[in-house]
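**Student:** Here is what each chain is made of, one letter per residue.
2 protein chains.
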Amino acid sequence: MSNEQKNAENVFKEFKEHSVTEFFRKNRQMLGYSGKVRSLTTAIHEYVTNSLDACEEAGIMPEIYLKIQQNGEERYIITVRDNAIGIPKKIIGKALASVLSGTKFHRYVQQRGQQGIGAAGCTLFAQITTGKGIHAKSYTDSEAFECDISLDIKNNKPIIENVAKLENPTNMHGLEVTAEFAGVKYEKSVHGVYEYVKRTAMVNPHASLTLLDPEGKEYVFPRSVEELPKKAKQAKPHPLGLEAADLLDFAHASTSNKVSTFFSESFSRFGPAKIDEMKTLIPELDFDKEPRNITWNESEAIVNAIKKMKWVSPETDSISEIGDAGIEAAIRNILNPEFVSVVQRKPKVFKGGIPFLVEIGIAYGGAAGRSGEESASMSILRFANKVPLLFDGGSCAITEAVRDIAWKRYGINDIDNVPVSILVSICSVYVPYAGVGKQSVAPESEIEDEIKLAVMDGLRNLQRYLHGMKNKGIAETRYKTIMRYIGQLSEDLGELTGKDAVTIENSLRNLIETKYKSLFANSEEEKEEAASDESQEPEEQEN
Amino acid sequence: MSNEQKNAENVFKEFKEHSVTEFFRKNRQMLGYSGKVRSLTTAIHEYVTNSLDACEEAGIMPEIYLKIQQNGEERYIITVRDNAIGIPKKIIGKALASVLSGTKFHRYVQQRGQQGIGAAGCTLFAQITTGKGIHAKSYTDSEAFECDISLDIKNNKPIIENVAKLENPTNMHGLEVTAEFAGVKYEKSVHGVYEYVKRTAMVNPHASLTLLDPEGKEYVFPRSVEELPKKAKQAKPHPLGLEAADLLDFAHASTSNKVSTFFSESFSRFGPAKIDEMKTLIPELDFDKEPRNITWNESEAIVNAIKKMKWVSPETDSISEIGDAGIEAAIRNILNPEFVSVVQRKPKVFKGGIPFLVEIGIAYGGAAGRSGEESASMSILRFANKVPLLFDGGSCAITEAVRDIAWKRYGINDIDNVPVSILVSICSVYVPYAGVGKQSVAPESEIEDEIKLAVMDGLRNLQRYLHGMKNKGIAETRYKTIMRYIGQLSEDLGELTGKDAVTIENSLRNLIETKYKSLFANSEEEKEEAASDESQEPEEQEN
Numbered sequence: 077m078s079n080e081q082k083n084a085e086n087v088f089k090e091f092k093e094h095s096v097t098e099f100f101r102k103n104r105q106m107l108g109y110s111g112k113v114r115s116l117t118t119a120i121h122e123y124v125t126n127s128l129d130a131c132e133e134a135g136i137m138p139e140i141y142l143k144i145q146q147n148g149e150e151r152y153i154i155t156v157r158d159n160a161i162g163i164p165k166k167i168i169g170k171a172l173a174s175v176l177s178g179t180k181f182h183r184y185v186q187q188r189g190q191q192g193i194g195a196a197g198c199t200l201f202a203q204i205t206t207g208k209g210i211h212a213k214s215y216t217d218s219e220a221f222e223c224d225i226s227l228d229i230k231n232n233k234p235i236i237e238n239v240a241k242l243e244n245p246t247n248m249h250g251l252e253v254t255a256e257f258a259g260v261k262y263e264k265s266v267h268g269v270y271e272y273v274k275r276t277a278m279v280n281p282h283a284s285l286t287l288l289d290p291e292g293k294e295y296v297f298p299r300s301v302e303e304l305p306k307k308a309k310q311a312k313p314h315p316l317g318l319e320a321a322d323l324l325d326f327a328h329a330s331t332s333n334k335v336s337t338f339f340s341e342s343f344s345r346f347g348p349a350k351i352d353e354m355k356t357l358i359p360e361l362d363f364d365k366e367p368r369n370i371t372w373n374e375s376e377a378i379v380n381a382i383k384k385m386k387w388v389s390p391e392t393d394s395i396s397e398i399g400d401a402g403i404e405a406a407i408r409n410i411l412n413p414e415f416v417s418v419v420q421r422k423p424k425v426f427k428g429g430i431p432f433l434v435e436i437g438i439a440y441g442g443a444a445g446r447s448g449e450e451s452a453s454m455s456i457l458r459f460a461n462k463v464p465l466l467f468d469g470g471s472c473a474i475t476e477a478v479r480d481i482a483w484k485r486y487g488i489n490d491i492d493n494v495p496v497s498i499l500v501s502i503c504s505v506y507v508p509y510a511g512v513g514k515q516s517v518a519p520e521s522e523i524e525d526e527i528k529l530a531v532m533d534g535l536r537n538l539q540r541y542l543h544g545m546k547n548k549g550i551a552e553t554r555y556k557t558i559m560r561y562i563g564q565l566s567e568d569l570g571e572l573t574g575k576d577a578v579t580i581e582n583s584l585r586n587l588i589e590t591k592y593k594s595l596f597a598n599s600e601e602e603k604e605e606a607a608s609d610e611s612q613e614p615e616e617q618e619n
Numbered sequence: 077m078s079n080e081q082k083n084a085e086n087v088f089k090e091f092k093e094h095s096v097t098e099f100f101r102k103n104r105q106m107l108g109y110s111g112k113v114r115s116l117t118t119a120i121h122e123y124v125t126n127s128l129d130a131c132e133e134a135g136i137m138p139e140i141y142l143k144i145q146q147n148g149e150e151r152y153i154i155t156v157r158d159n160a161i162g163i164p165k166k167i168i169g170k171a172l173a174s175v176l177s178g179t180k181f182h183r184y185v186q187q188r189g190q191q192g193i194g195a196a197g198c199t200l201f202a203q204i205t206t207g208k209g210i211h212a213k214s215y216t217d218s219e220a221f222e223c224d225i226s227l228d229i230k231n232n233k234p235i236i237e238n239v240a241k242l243e244n245p246t247n248m249h250g251l252e253v254t255a256e257f258a259g260v261k262y263e264k265s266v267h268g269v270y271e272y273v274k275r276t277a278m279v280n281p282h283a284s285l286t287l288l289d290p291e292g293k294e295y296v297f298p299r300s301v302e303e304l305p306k307k308a309k310q311a312k313p314h315p316l317g318l319e320a321a322d323l324l325d326f327a328h329a330s331t332s333n334k335v336s337t338f339f340s341e342s343f344s345r346f347g348p349a350k351i352d353e354m355k356t357l358i359p360e361l362d363f364d365k366e367p368r369n370i371t372w373n374e375s376e377a378i379v380n381a382i383k384k385m386k387w388v389s390p391e392t393d394s395i396s397e398i399g400d401a402g403i404e405a406a407i408r409n410i411l412n413p414e415f416v417s418v419v420q421r422k423p424k425v426f427k428g429g430i431p432f433l434v435e436i437g438i439a440y441g442g443a444a445g446r447s448g449e450e451s452a453s454m455s456i457l458r459f460a461n462k463v464p465l466l467f468d469g470g471s472c473a474i475t476e477a478v479r480d481i482a483w484k485r486y487g488i489n490d491i492d493n494v495p496v497s498i499l500v501s502i503c504s505v506y507v508p509y510a511g512v513g514k515q516s517v518a519p520e521s522e523i524e525d526e527i528k529l530a531v532m533d534g535l536r537n538l539q540r541y542l543h544g545m546k547n548k549g550i551a552e553t554r555y556k557t558i559m560r561y562i563g564q565l566s567e568d569l570g571e572l573t574g575k576d577a578v579t580i581e582n583s584l585r586n587l588i589e590t591k592y593k594s595l596f597a598n599s600e601e602e603k604e605e606a607a608s609d610e611s612q613e614p615e616e617q618e619n
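In order, the protein sequence lines correspond to chains A and B.
Under the numbering used here, residues 77 to 619 are what the first sequence spells out, in order.
Under the numbering used here, residues 77 to 619 are what the second sequence spells out, in order.
Treat the hints with caution; some may be incorrect.
It does not matter which identical chain is used: a pair holds within one copy or between any two.
[Said to hold, decoys possible] With a straight-line Cα cutoff of 27 Å, these simulated DSSO-like cross-link-like pairs (lysine-lysine) come out:
hint: 1; residue 1: Lys427; residue 2: Lys384
hint: 2; residue 1: Lys230; residue 2: Lys312
hint: 3; residue 1: Lys180; residue 2: Lys102
hint: 4; residue 1: Lys312; residue 2: Lys383
hint: 5; residue 1: Lys386; residue 2: Lys350
hint: 6; residue 1: Lys82; residue 2: Lys424
hint: 7; residue 1: Lys307; residue 2: Lys274
hint: 8; residue 1: Lys422; residue 2: Lys383
hint: 9; residue 1: Lys427; residue 2: Lys102
hint: 10; residue 1: Lys264; residue 2: Lys427
hint: 11; residue 1: Lys424; residue 2: Lys92
hint: 12; residue 1: Lys383; residue 2: Lys365
hint: 13; residue 1: Lys427; residue 2: Lys180
hint: 14; residue 1: Lys92; residue 2: Lys102
hint: 15; residue 1: Lys208; residue 2: Lys230
hint: 16; residue 1: Lys233; residue 2: Lys208
hint: 17; residue 1: Lys89; residue 2: Lys165
hint: 18; residue 1: Lys143; residue 2: Lys165
hint: 19; residue 1: Lys384; residue 2: Lys112
hint: 20; residue 1: Lys422; residue 2: Lys548
Hints in this document: simulated from the structure, not taken from any laboratory.
The following block holds chain A by itself, in its conformation from the complex (with noise of 0.2 Å):
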């Protein structure tokens, strides 16, 4: 080696270990705090999303509170309330302060949370722009208390101080939190709160929500439904869905003292018949074992056989879509279009076995396609478990997909010169997210299917309402341009005929409304149609 050259020895003495909140210091755009509008609107987005799940979770109707103040040049106080159950003591610095720490990590069910990152990272953009960590109040069942809460960002652990009793004559229940952020900036553009919480409201009808922004105005959204939406039930994972590691996973972690009996208790659909199916398949393995025994061979063995049973579909309890009356609300009060068709999806299973279901509602006309959402003036908006993704449009699956439609076939030559919005929503227990940010799906062939079936389906309904409108315009024109000759027609016809031109005229004009009025009718008819269309279920067929 030459001098200019360096060994193993000099060049790792660099060597280090680092936590994964200093991962998340250093590059913080990857939470998704990037750029100043962003970046508030991310901060609120983890309280909020966190507030209505624990709300959910609780079997408790939302009812959330949001203050933004500007506290000097790029500087604002966000505070966040909800009625949910309260964090306990014990656990509020880890939940608020510990990059990965919280219940949903590894739970088989439709949450808008499901990291374990959220709310810590709002903490540490607390603390890297201002020094200042959160400033929490809980209220649960057993106690109220106040704390201010930091991060330790070398260790991501929690560092919790001046914790103090609060009265509580109302016993009231539910979370506070208080945070300051720099180099933010508070704006009322498509990507700013005000947008974020219009959009959580519209299809989440059950939630009530305030915002009162920095300049004091308060907006309300109050809930339209008296109910808590059906509730998605936790579910056992599907054996379809099943990877070897996954496998091994569970039955490491399993308390069943059989394999047998670990199958039929660790994954729905596996009664005792496909236990019996499973030991014609793998007649070497031992069913009577610990399953904490299982091998990564006889693992992968009981994966290729499952593949080739037949099982039956996943339940699909797991998952709680917003359904066609919210999709149309929410698409009717954003856009205020002429023309929505909604289409909702069955449940389906992507990766052999994680359930979730599509739903979409394509808008013509009012601001469709105006709304500014993606770079495309094609505008799409974006929901995942609830959520409006508003950021990172360009690589999602979403968008992948409704571009890949060929428009052509619905009668639309340039996308980009056409008032339509499309609203896609995906649910599932499971939102396999591209970045740690969560704000673009990434490109699961089963999704992409799902949500090109739909849309197309949505499609077919609008092209027949264009047809329509086209029918009608045609028949205007005509009726407009015979109706313009009428008299001069009557006159000759009357020379011609040596009739009167008055009773000729008259007869001609009866006769044309007469045929234009059902002309009329019918493009009026397959409006109402195509409008009513949105429930039945699209044909199986791909592009």
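Go by the hints and put chain B onto chain A.
**Tutor:** Coordinates of chain B only, in the frame set by chain A:
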């Protein structure tokens, strides 16, 4: 609360902490492991970037050998061997099987890797798809050994087994890693390993890369440059890039015994004059105290003072760019276009102080605009720190900046239907990747502005070229038209004037050829001018 409702006690009993490895085990798509083709490319990408970094760090001309063998359906064994310095036994486990461990995380130097996640991610992916870790052979200047390495996922710790000494009679040095993956696919598509290796070779002409594909076909990309690229120096952070939290981190880690020496030792451009200036701006700060005693408020005051002061730009020897010749060679090799224009910008800074440099190439004709790189048809070839970015282009700052340009100004009306490709390369001591998988750049406005300025300059060159082509085309058409009628014209003129038709034709022919020859020559000159126009510094104009 009703019976349906839960309280904090029973909700939070499921509260758990998770390791960063468990997180990526669950969300492997965030590391780039989604899709069969992409997953294999991601693994190769991680090993190749590490090898290139290791060679450059050690001052060694890289020789990298890649072997991909199929071992069952959607199952491949990959071997990556380099000639760098190996990894010592005491480090190798953490280096290859512990997420967030490495030498690069805290360094302020341009490298391909910057996170300490890549190689451990490969081990994780091998393990969860095949149940097996990786095998490594390491040849350092003091030891030669092999071992099996796997990951304790729950604790993010390496497990090293079967360590054995290796013979090393030739004193070779370097690392060889063998890993097996299932659920992946080798494909010679634009997102496949071959394309990745080819593009890597293009922008790293000092490296020799050999790829043995699953069919046993060997592709050799020999080095075309016999010298290591200018080495990117490790830079001290520039004061303008600091936020209060950063400054405090540096202060607390500093070994300087005074605040004043801390400034000059830790940051670039912070000479005695600057320290004096700061003393007048923050008279209340004690410049003689130990830096670890700087408070948050003092840190904020320092950062505010820094913003008020004038600073010399950061040193730019921390940037090692691809260079004009490299960009042009890459474009010609990949696209074989009829026209190329390369523009290199001067180094700039983003976020106040992080140096970066943008260089671009515009290709017209050949395979340009048809490489299928992105879903939009105009293709963009993206590079960051000499690494090709093949995925997640939709939300990348590079894509957004290029699409944001007013294309019509440059005579391009329909960007979806032009044979144009644009190569964009960013080099920086810290590339702000949008995701952990490092395939797209977050939208930093300074970076986007530089990309736009560079591309706009390239487009002016292209426009000049196309204008020349167009003039040439018009001239040719006129020439042909006149030549077609010249015989008839001469006869008619002969009859009219009584002169000899042949004489007239000859003099006409002479006249026309002389005139059009100069026209053709002009457009040729213009073409040459446009092509040689590459190195000029573009005007600072925003669009």
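**Student:** Tell me, which hint numbers fail for this structure?
**Tutor:** 6, 11 and 20
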